[in-house]
Amino acid sequence: MIILALSVVITACSGSSNNDAASSSPAASSSAPAASSPAASSATASSEAPKEPVTLKVAAFGAGWAQYWQRIYDRFKEMNPDTNISVDIQEYPTGADYNKAIDVAFASNESIDVMLMHHNDLLPRKDAFLPLEPFAQARGLDLIEDYGPAMVFQQIDGKNYQLPYVYATDMMIYNKKMFEEAGVGIPDENWTWDDWIAAAGKLTSGSGADKVYGYSIPYSSLDSALKPAYGYSLVNGTTVTIAGDARAREAIELHKELFDKGISPDFTTYGLEKMDSRVLMAQGKAASTTSNYWVPIYMNQLIYNNGTLGEEALSLDWEYTFMPKLTAADTPKVAAVTYAYAFSIPAISKHPEEAFDFMRFAANDAADIIGVPPAYTKADPGIVYKVYSTFLDSKGNMHENLYPQDKIDRMLKVLKETIPAPDVYGVITYDSGAYNAVRDLFMREAPEYYLGNISLDDLINKVQTEGQKEADKFK
Amino acid sequence: MAIKENLTGYLFILPNIIGLSIFTFYAIGFSMYISLTDWSLVGRLKEVNFVGWQNYADLMQDRFFWVSLWNNLWFLMVIPVQTLMALVLAILLHELVFTSKALRVIYFLPHITNMVAILIVWNLFFSPSQGPVNEFLRWVGIDNPPKWQLDQFWAKPTIAMFGIWSSLGFNAMIYLSALAGASRDLYEAAEIDGAGKVRSFFRITLPLISPTTFFLIVLGVIGSFNQWSNIQVFTEGGPGDSTYVLGYFVYKYGFEYFKMGYASAAAWVLTVIIVLFTMLQWFGQRKWVHYN
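These protein sequence lines map, in sequence, to chains C and R.
Numbering follows the working numbering, with no gaps: position 337 of the first sequence is 337.
Numbering follows the working numbering, with no gaps: position 121 of the second sequence is 121.
No lab work stands behind these hints: they were computed from the structure.
Here the structure is a predicted model, which means the values were calculated and not measured.
Beta carbons: idealized from backbone N, C-alpha and C, even for Gly.
Chain C side only, calculated, beta carbon under 8 angstroms to chain R, not exhaustive:
1) Gly433
2) Asp440
3) Leu451
Derived lysine-lysine pairs resembling DSS-like cross-links, with alpha carbons at most 25 angstroms apart:
4) Lys176(C) with Lys416(C)
5) Lys126(C) with Lys46(R)
6) Lys473(C) with Lys46(R)
7) Lys156(R) with Lys462(C)
Go ahead and model the full structure; you've got the sequences and the hints to work with.
Here it is in structure tokens:
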């Protein structure tokens with residue numbers, strides 16, 4: 001009992017002593033921006049004393065990103081031979097364990113200078129990161145001009161905490177040959193979800209091993225049923241919105257129609273059988289799905305890295321188009337545009353200025369290393385084609401000319417012309433804990449509706465009333 | 001001399017004491033401290049505000065807390081079933097002459113196999129539309145078999161079945177060692193006095209293994225209150241809130257809803273409940289546990 005009591009006292013005292021130590025370091029390092037900035041120093045190199053070598057601690061998201069960071073640094077060093085920056089790349093776990101490892105690192109004041117973070121995971125942790133506006137202003141940069149208007153929608157309390165290297169824009173992918181052969185027409189930006197379900201219904205055939213889905217849901221998580229309600233959020237601040245927004249109702253209902261008519265595998269089947277809608281499409285077992293820029297690169301991985309697909313998958317007649325409208329009256333070409341994972345600087349960074357410069361290089365000049373179409377608006381257009389049509393497999397073999405230029409151009413057209421949902425419906429911010437609690441409640445209750453045990457009104461009422469009680473805990 | 005011997009003894013156990021102090025006592029103390037704050041888990045401890053007993057007060061008014069506790073109490077009903085089944089299995093294995101060693105290994109396998117892997121297989125087995133369990137039930141003429149983990153009524157029994165199956169081997173092995181330790185003299189004396197097998201079982205075997213039964217029940221109750229990872233993999237607390245238990249409540253509020261102070265308070269309430277149940281059993285054992 002004495003040891004227990006002592007440990008409570010020790011913990012309380014160490015919390016306050018950490019306060020004093022922690023409060024001095026971020027402020028001190030950010031109080032002298034210009035002198036240590038490479039951008040600034042390049043103009044005054046002749047009159048300045050040589051800069052102190054700086055080693056940036058980079059938290060790598062798994063072994064894959066550890067390799068990326070090394071290659072990014074090698075290119076950075078090649079393009080900046082006089083740089084004082086070196087990197088110490090530390091491999092962290094991937095997936096959910098990444099956040100846990102990062103939380104432990106922050107709580108124990110472990111130094112990290114550059115890292116990846118998912119935007120949704122950064123929301124509750126924003127005080128542990130540095131806003132990027134001061135760094136951008138010191139260098140005469142305009143973050144919105146450089147990374148697009150989606151930067152505005154990703155702001156937290158009016159500040160940007162991340163530099164994106166790619167945007168995850170929701171797009172529809174369909175098998176053009178299957179659509180043409182079925183005579184259902186070629187989808188365009190004016191199609192509604194009703195149009196798509198009608199077409200997909202005609203493309204659905206077979207059963208069991210011969211089943212072909214007209215459309216495949218892309219996720220097993222039940223909250224993805226709300227995705228067609230572009231710009232909708234279950235929670236606004238700490239207020240649950242499901243009862244007051246007709247879009248949520250529409251989105252949930254259209255998924256029931258998809259499942260009841262057998263047009264798409266349902267969430268349970270998709271999850272239990274570990275389905276992948278992109279593989280289903282490549283195998284001819286699905287005529288369409290929702291995805292993003294990643295599909296062609298993912299196909300390359302499946303073909304050349306692990307042999308899941310044969311090379312015939314390259315000749316699959318897939319095309320990208322805009323997400324369908326929820327109703328005929330909605331604005332076309334609207335979809336969710338987020339940057340998911342992006343680069344950020346923790347507040348515990350000892351070298352935030354150098355971290356920003358290195359991070360900016362990674363976002364702007366390394367898209368082909370990471371293998372993504374860059375979010376940087378001024379990136380070399382040739383990089384995008386290279387990203388998709390060349391592939392360095394795990395055995396070190398380079399594969400080239402994988403996709404025709406016009407196919408990539410059509411995808412990029414959809415990518416660029418898609419209007420971010422917040423542009424039309426406004427930006428919604430929410431408490432992350434409240435959102436997670438209400439989302440979990442929705443995911444536990446929704447199966448009852450999809451199984452036909454309760455009505456849609458019952459589902460919405462329950463999520464609204466019980467969800468609001470949960471959300472109130474976070475006020 | 002005695003002092004020197006004592007000192008030597010303490011020096012030998014010092015590494016253990018240090019490890020225990022850091023990884024157990026300090027962790028427990030830290031958890032108690034956090035339960036009195038509004039720490040969100042993310043960020044640094046400098047953001048912690050002391051809120052006193054507010055987390056505990058809020059917990060008492062939280063519907064989900066009481067639902068979780070009710071579900072935990074429901075799962076306590078599984079313990080007599082799993083204990084009885086383990087005893088029956090142990091007796092069968094004890095009496096069996098051939099293949100008993102191989103069977104012991106087979107029944108013990110679930111205890112040493114990765115639980116997540118098993119649960120994924122169970123999920124497939126009990127899949128309402130395509131799982132072999134429902135396929136078999138349809139084959140024997142049950143047209144509308146239960147939806148198991150997807151049904152609010154059947155979700156708890158499905159998890160209970162898994163709990164019984166996974167603990168059967170371990171509990172049976174514990175009982176086997178108790179049965180092996182029972183003195184043959186008592187049975188021979190009972191046989192001489194005209195007692196049959198059934199009477200011998202109730203008058204000799206059961207009292208002799210009562211300490212083992214007590215041990216397994218205490219372990220079972222603690223394990224039942226602490227369960228959450230099987231819920232996480234199998235049902236995620238659903239459907240509805242039918243399988244939401246306190247362990248899962250603590251995990252969700254602490255690590256996904258960023259209310260670590262609140263979750264720590266719930267963990268401490270759970271600890272007190274477990275201690276109360278254990279003490280209840282400890283005092284109750286005087287009535288039915290025989291150590292001589």
